[in-house]
Amino acid sequence: MRSLFNKVLLDIAEKNDRIYMVLADIGYGEIEGFAERFPDRFFNVGVAEQNMTGVACGVAMEGNIAVTYSIANFPTLRCLEQIRNDVCYHKANVKIVIIGGGLAYGALGVSHQATEDLAIMRALPDMVVLAPADFAEAEAAVHAMIAHDGPVYYRCGYKKEPALHGGPIDFRIGRAIQVRDGSDLTLIGTGTITYRAFEAAGILESQGVKARVLSMHTVKPLDREAVLAAARETRAVVTVEEHNVLGGLGGAVAEVLAEAGGGVPFLRVGLPDSYIHLVGSHNWLLDHYGFAPQAIAASARRLLEGRQ
Amino acid sequence: MLKAAEELELKRKALQVRRNILRLIKAGKAGHVGGALSMAEVLTALYFRVMKIDPARPDWPERDRLVVSAGHKALVLYAALAARGYFEEKLLDTYGSLGCRLPGHPDMHKLPGVEASTGALGHGLSIAGGMALGLRLSGLPSRVFVVMGDGELAEGSNWEAAAAAGHHKLENLVVIVDRNGLQISGPTVEVMTYEPLEERWKAFGWATRRMNGHDFGAILKTLGETPFERGKPSAIVADTVKSKGLPFAEGKVEYHYWKPPAEELAQAERDLAEIERTLG
Numbered sequence: 008m009r010s011l012f013n014k015v016l017l018d019i020a021e022k023n024d025r026i027y028m029v030l031a032d033i034g035y036g037e038i039e040g041f042a043e044r045f046p047d048r049f050f051n052v053g054v055a056e057q058n059m060t061g062v063a064c065g066v067a068m069e070g071n072i073a074v075t076y077s078i079a080n081f082p083t084l085r086c087l088e089q090i091r092n093d094v095c096y097h098k099a100n101v102k103i104v105i106i107g108g109g110l111a112y113g114a115l116g117v118s119h120q121a122t123e124d125l126a127i128m129r130a131l132p133d134m135v136v137l138a139p140a141d142f143a144e145a146e147a148a149v150h151a152m153i154a155h156d157g158p159v160y161y162r163c164g165y166k167k168e169p170a171l172h173g174g175p176i177d178f179r180i181g182r183a184i185q186v187r188d189g190s191d192l193t194l195i196g197t198g199t200i201t202y203r204a205f206e207a208a209g210i211l212e213s214q215g216v217k218a219r220v221l222s223m224h225t226v227k228p229l230d231r232e233a234v235l236a237a238a239r240e241t242r243a244v245v246t247v248e249e250h251n252v253l254g255g256l257g258g259a260v261a262e263v264l265a266e267a268g269g270g271v272p273f274l275r276v277g278l279p280d281s282y283i284h285l286v287g288s289h290n291w292l293l294d295h296y297g298f299a300p301q302a303i304a305a306s307a308r309r310l311l312e313g314r315q
Numbered sequence: 005m006l007k008a009a010e011e012l013e014l015k016r017k018a019l020q021v022r023r024n025i026l027r028l029i030k031a032g033k034a035g036h037v038g039g040a041l042s043m044a045e046v047l048t049a050l051y052f053r054v055m056k057i058d059p060a061r062p063d064w065p066e067r068d069r070l071v072v073s074a075g076h077k078a079l080v081l082y083a084a085l086a087a088r089g090y091f092e093e094k095l096l097d098t099y100g101s102l103g104c105r106l107p108g109h110p111d112m113h114k115l116p117g118v119e120a121s122t123g124a125l126g127h128g129l130s131i132a133g134g135m136a137l138g139l140r141l142s143g144l145p146s147r148v149f150v151v152m153g154d155g156e157l158a159e160g161s162n163w164e165a166a167a168a169a170g171h172h173k174l175e176n177l178v179v180i181v182d183r184n185g186l187q188i189s190g191p192t193v194e195v196m197t198y199e200p201l202e203e204r205w206k207a208f209g210w211a212t213r214r215m216n217g218h219d220f221g222a223i224l225k226t227l228g229e230t231p232f233e234r235g236k237p238s239a240i241v242a243d244t245v246k247s248k249g250l251p252f253a254e255g256k257v258e259y260h261y262w263k264p265p266a267e268e269l270a271q272a273e274r275d276l277a278e279i280e281r282t283l284g
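Same order as they appear, the protein sequences are chains X and F. Each residue of the first sequence is one higher than the last, beginning at 8 in the numbering used here. Each residue of the second sequence is one higher than the last, beginning at 5 in the numbering used here.
This is chain X alone, in the form it adopts within the complex (with noise of 0.2 Å):
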């Protein structure tokens, strides 16, 4: 997903010469075709991601877009203050891009893994969070990231995610896609771990359970209608992410389904809330933390055996 996030960057920025990337000393054998054609517009602050997102911010209030561009937590977490104060709060047109969030960094640690982004950068104000699920989604975010006038988080996928989609999407900042319909739950995904809850829905079905798919590539401005949607018409919830359990996506649908009431069964499918220990490959540690698709499909199970 990485590779196609900057080719479809660089697609744009030759129609938009006012999209720069400022970068902290990364992106190797991935950015160099920006690099190479608009070197005007190519940063390298090296490895000094305060200075990024500051500058970053500089660039675009003078009337440019700005895109920060790195490794999980490095654009995130090292310069959050530059991010609240100087992007946030100047409403700076800055677009901030991570490369394999959640576990996708796997064996390299946990400096190295996202598990905490959805939730600090859902809590800051005016900024908009995109997590894509395939590469469908992730070429259509990376056109409304530049459409959309303001601060952007974008978590990126890491290497060959596969399809989640058939065909052509409407993709809408704000609105998620349905992927499958279903009468008996729905299990809500955001990013690259929704194929997962796709092949548990496959799962369940084969068990007699009907179960509706939801992309929220958009995990704010959250889907308020969709989530209620479902609530109302499969009468109960599950939501998956590669996260956290605490504050992401599952903190939002929760936020949403009780203010609105009614008391539908819900489960958050995610990270424990506990720094990674075991050493492994990416898939081996989703497997390990319970999101196998038979994983999946089984939590979901015991949620509507208990509402029985």
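Because the hints were derived from the structure by calculation, they are not lab data. Any given hint could be a false lead.
Unchecked claim - Derived, one-sided and incomplete: chain F residues facing chain X with beta-carbon distance under 8 Å: (1) 121; (2) 130; (3) 137; (4) 142; (5) 164; (6) 167.
As the list claims (entries may be wrong) - Chain X stretches covered by chain F per the calculated footprint, using a threshold of three residues with CB under 8 Å from any CB of chain F: (7) 42-55; (8) 67-80; (9) 87-97.
As the list claims (entries may be wrong) - Lysine to aspartate or glutamate pairs mimicking EDC-like chemistry, simulated, CA-CA at most 20 Å apart: (10) 56(F) with 97(F); (11) 33(F) with 280(F); (12) 114(F) with 133(X); (13) 98(X) with 63(F).
Every residue, glycine too, gets a C-beta built ideally from N, C-alpha and C.
Given the coordinates of chain X, assemble chain F onto it according to the supplied hints.
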């Protein structure tokens, strides 16, 4: 050489800026006075002589920009903007009132002429660097000035920004460090070693000068020579006195933030009246 008449005029403007600072504090009943008064001459010089600006067109693309990185110097920024005509001086009387347009640290969306919202230290130089890059690539001749505090230089992010500005040869960027020697917890020599300041900036690829930050002759000469070297950003260490203009408060750390009792406020007004008398 600065002509005597011109210098006198600038001194009168600086007095007006100091009176505006006092006016703000009187209205708000408190404020960061020390580091505001120490920059009165520098901001007067910038707004009345050095910067290419048009108060009637605060968004004019070709204007020079000033980023006050030490956002707690908001009072001198408001005072100078009002004196220069960006807004009416009576607005200063609303400082501290509910819903006013004068936050304790500047908000660029609230007032014309405020180029960046600051308050957390160590942010302004990065933003200014980004502006300078953006201006250079837009082909605009504008420059970006940054006012920083000396205590602020402990923030590591400044040195990230300084390195990148040197590396990218931001000749249109000028930093002025308010070297008043005091920070909130004490004299800077006790809190953190910042010197040798010129050498530090030089090591990051900057051309530097040191000047008396209260002497208009020195200020205009130094700023007039920027950029000091082709292909380098310029850093100026301005030696100043914190709370300059109020002898009872000058060089005293407890006037970083001042909640004046009535008798001190009256003394401050007498002190500024005395400056006016000496100007003739």
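Checked hints:
1. About 5 Å separates the beta-carbon of residue 121(F) from the nearest beta-carbon of chain X, less than 8 Å, and the hint is met.
2. Satisfaction of the interface hint for residue 130(F) is found here, the shortest Cβ-Cβ separation to chain X being roughly 2 Å, below the 8 Å cut-off.
3. A hinted interface residue such as residue 137(F) counts as satisfied when its beta carbon comes closer than 8 Å to some beta carbon of chain X; here the least separation is about 6 Å, so the hint holds.
4. Taking 8 Å as the C-beta contact cut-off toward chain X, the hint placing residue 142(F) at the interface holds, the least distance being around 6 Å.
5. Satisfaction of the interface hint for residue 164(F) is found here, the shortest Cβ-Cβ separation to chain X being roughly 4 Å, below the 8 Å cut-off.
6. At a threshold of 8 Å, the smallest CB-CB gap from residue 167(F) to chain X is about 6 Å, leaving the interface hint in force.
7. Only residues whose beta carbon comes within less than 8 Å of a beta carbon in chain F count, and the segment 42-55 of chain X has 6; three or more means the coverage holds.
8. Check on the segment 67-80 of chain X: 6 of its residues sit with their Cβ under 8 Å from a Cβ of chain F, so the three-residue criterion for coverage holds.
9. Counting residues of the segment 87-97 of chain X whose beta-carbon sits less than 8 Å from any beta-carbon of chain F gives 6, enough to reach three: the coverage restraint holds.
10. At roughly 28 Å between alpha-carbon atoms, residue 56(F) and residue 97(F) are farther apart than 20 Å, so this suggested pair is violated.
11. With a CA separation close to 24 Å, the supplied pair residue 33(F) and residue 280(F) exceeds the 20 Å bound.
12. A C-alpha spacing of about 17 Å is found between residue 114(F) and residue 133(X), which places the hinted pair at or below 20 Å, so the restraint holds.
13. Proximity of residue 98(X) to residue 63(F) is assessed by CA-CA distance (about 16 Å); at most 20 Å being required, the pair is judged to hold.
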